[in-house]
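So the protein lines, in turn, are chains B and U. 1 is the number of the first residue of the first sequence in our numbering; add one for each residue after it. 1 is the number of the first residue of the second sequence in our numbering; add one for each residue after it.
Hints are supplied without guarantee of correctness; some may be wrong.
Unchecked claim - No farther apart than 20 Å at their CA atoms in a straight line, the calculated lysine to aspartate or glutamate pairs in the DMTMM-like style are these:
| hint | chain 1 | residue 1 | chain 2 | residue 2 |
| --- | --- | --- | --- | --- |
| 1 | U | 223 | B | 180 |
| 2 | B | 88 | U | 60 |
| 3 | U | 223 | B | 229 |
| 4 | U | 223 | B | 177 |
Source of the hints: derived by calculation from the structure; they are not laboratory data.
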Amino acid sequence: MSAEQETNSTRSSRGSRRRPDLPPPRVEKIRPRSGLSRAEVIANQRARIFSGFAGALAYHGYEDTKVTDIVELAGVSRATFYERFESKELCFTAAYEDGVERLAAVVAGVAGGERDWANQLSAGLMAGLEFLAADPPLAHLLFVEALAAARPARLEHERSLDRLADVLRPPVIDGNEFSEETARMLAGGVASHLSGRILAGEAERLPELHDPLLQYLLAPSLAALRTTDERRAAAL
Amino acid sequence: MSDEPPRFDPGGFVELPDKLALGQLPPGRHGLPRSFVVRNQRLRIVAGLLRVLPRHGYAETTVGQIISEARVSRSAFYSQFAGKEECFLEAYELGGGWLCDGVEAAVGDEPWPDRVRLGVGEALRMLAANPALAHLIAIEALQAGSAARRLQQASLTRLAEILSLGRPERPELPADLEQLLLGGALSVVSRHVEGGGIEQLPEIEAALVECLLIPYLGPGESKRIAA
Numbered sequence: 001m002s003a004e005q006e007t008n009s010t011r012s013s014r015g016s017r018r019r020p021d022l023p024p025p026r027v028e029k030i031r032p033r034s035g036l037s038r039a040e041v042i043a044n045q046r047a048r049i050f051s052g053f054a055g056a057l058a059y060h061g062y063e064d065t066k067v068t069d070i071v072e073l074a075g076v077s078r079a080t081f082y083e084r085f086e087s088k089e090l091c092f093t094a095a096y097e098d099g100v101e102r103l104a105a106v107v108a109g110v111a112g113g114e115r116d117w118a119n120q121l122s123a124g125l126m127a128g129l130e131f132l133a134a135d136p137p138l139a140h141l142l143f144v145e146a147l148a149a150a151r152p153a154r155l156e157h158e159r160s161l162d163r164l165a166d167v168l169r170p171p172v173i174d175g176n177e178f179s180e181e182t183a184r185m186l187a188g189g190v191a192s193h194l195s196g197r198i199l200a201g202e203a204e205r206l207p208e209l210h211d212p213l214l215q216y217l218l219a220p221s222l223a224a225l226r227t228t229d230e231r232r233a234a235a236l
Numbered sequence: 001m002s003d004e005p006p007r008f009d010p011g012g013f014v015e016l017p018d019k020l021a022l023g024q025l026p027p028g029r030h031g032l033p034r035s036f037v038v039r040n041q042r043l044r045i046v047a048g049l050l051r052v053l054p055r056h057g058y059a060e061t062t063v064g065q066i067i068s069e070a071r072v073s074r075s076a077f078y079s080q081f082a083g084k085e086e087c088f089l090e091a092y093e094l095g096g097g098w099l100c101d102g103v104e105a106a107v108g109d110e111p112w113p114d115r116v117r118l119g120v121g122e123a124l125r126m127l128a129a130n131p132a133l134a135h136l137i138a139i140e141a142l143q144a145g146s147a148a149r150r151l152q153q154a155s156l157t158r159l160a161e162i163l164s165l166g167r168p169e170r171p172e173l174p175a176d177l178e179q180l181l182l183g184g185a186l187s188v189v190s191r192h193v194e195g196g197g198i199e200q201l202p203e204i205e206a207a208l209v210e211c212l213l214i215p216y217l218g219p220g221e222s223k224r225i226a227a
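Just need the whole structure built from these sequences, with the hints factored in.
Shown next, in the form of structure tokens:
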């Protein structure tokens with residue numbers, strides 16, 4: 001069997017090269033002589049490349065996505081792509097970082113308006129789920145493809161999970177400090193649950209997961225409060 | 001830790017004398033039934049995939065590398081599998097099933113919290129003794145698309161049963177708590193595997209048991225059982 005057939009068999013496992021339901025790129029192209037500064041044009045090109053990358057990934061998977069697919073969806077030339085990014089791998093890491101920053105900014109903005117930890121968690125979780133549901137290709141890039149990408153991107157994903165774990169770590173309750181592993185397990189459980197739902201094509205329905213995920217995230221703290229209450233009741 | 005943790009070896013699954021099961025069957029007339037030969041070849045290919053995966057990762061692994069490692073022809077590979085993904089899925093199914101069997105056997109009829117401790121300990125020891133399998137389960141399975149993910153969910157569901165069986169009744173705990181906890185535990189394991197700490201996995205037993213039990217028992221009691 002030839003090498004060509006081999007490639008075809010991996011491609012077909014992810015879906016064909018072209019799908020009629022391919023979404024249009026999300027970022028509008030800037031018309032020539034728009035009066036924008038060079039920095040603005042570059043920022044717009046980057047955003048378009050990232051969104052084109054996410055769109056291409058959702059259809060071809062990381063392995064099979066080619067720079068040709070990205071530039072076609074992004075509406076930029078190959079030369080422009082390579083002016084901004086050395087390779088597909090480096091572009092992926094940049095797209096991933098950009099997506100994580102935007103997600104984190106939305107979550108932090110909403111959570112900042114709440115008083116206590118549980119309400120911050122609930123509001124932040126909803127904002128995050130809604131952000132991802134509004135952009136399924138990005139959700140796919142962040143929670144599915146980041147795991148299939150080259151090792152630097154996977155390590156970047158591990159760092160994001162550590163960062164998420166810091167946010168999800170419950171406060172000290174009655175002298176009980178929760179371990180790093182507990183926080184990391186909360187973060188990993190959420191990420192792996194989201195990843196499964198997104199892979200099943202249910203990215204748009206992520207906000208429905210708010211209540212069970214919140215219950216999961218609060219479970220360690222609630223158990224700590226419960227045992228404290230039980231001890232107090234026993235002491236009375 | 002009384003005895004040596006078992007080794008995962010698909011080549012050894014075929015009930016042939018060791019010498020034959022691991023290697024290539026002698027050419028020509030060996031008097032072995034055809035079904036035996038086919039099964040032997042299939043498992044040898046899976047064993048070959050397992051050995052090359054940690055070197056190249058799922059995305060970079062090619063059928064060429066698998067067949068040269070397994071010492072079978074390309075046409076033999078394609079008579080067994082449609083492609084790399086199918087071969088990978090079989091490896092995962094065998095490996096995941098083997099791990100779940102081991103964990104179920106280790107937990108026995110112990111009371112519930114001890115069962116969790118025994119199961120986690122056994123799983124970590126089995127993974128530490130089988131780096132290729134740890135790699136497959138903790139890293140590569142996440143790269144191989146939705147079919148692999150479904151198999152992973154099936155394994156987690158089997159393990160979730162151990163975690164949920166006999167747990168205290170708590171109406172406020174979410175229905176899929178066990179799935180979420182185990183997904184989280186797997187992510188902690190992945191982090192160690194990715195960081196090159198496969199052999200040190202048994203060292204995280206206490207920490208992992210503790211966080212798995214906290215939602216049910218609270219921090220104090222969980223720490224005591226995990227220690």
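Hint check results:
Distance restraint check for residue 223 (chain U) and residue 180 (chain B): the Cα-Cα separation of roughly 14 Å lies within the 20 Å cut-off, and the hinted pair is therefore satisfied. For the proposed pair residue 88 (chain B) and residue 60 (chain U), the alpha carbon gap of about 15 Å is at most 20 Å, so the pair holds. About 18 Å separates the Cα atoms of residue 223 (chain U) and residue 229 (chain B), which keeps this hinted pair within 20 Å; it holds. Restraint check: the Cα-Cα separation between residue 223 (chain U) and residue 177 (chain B) comes to about 12 Å, which is no more than 20 Å; the hinted pair holds.
Of the numbered hints stated above, none is contradicted by the structure.
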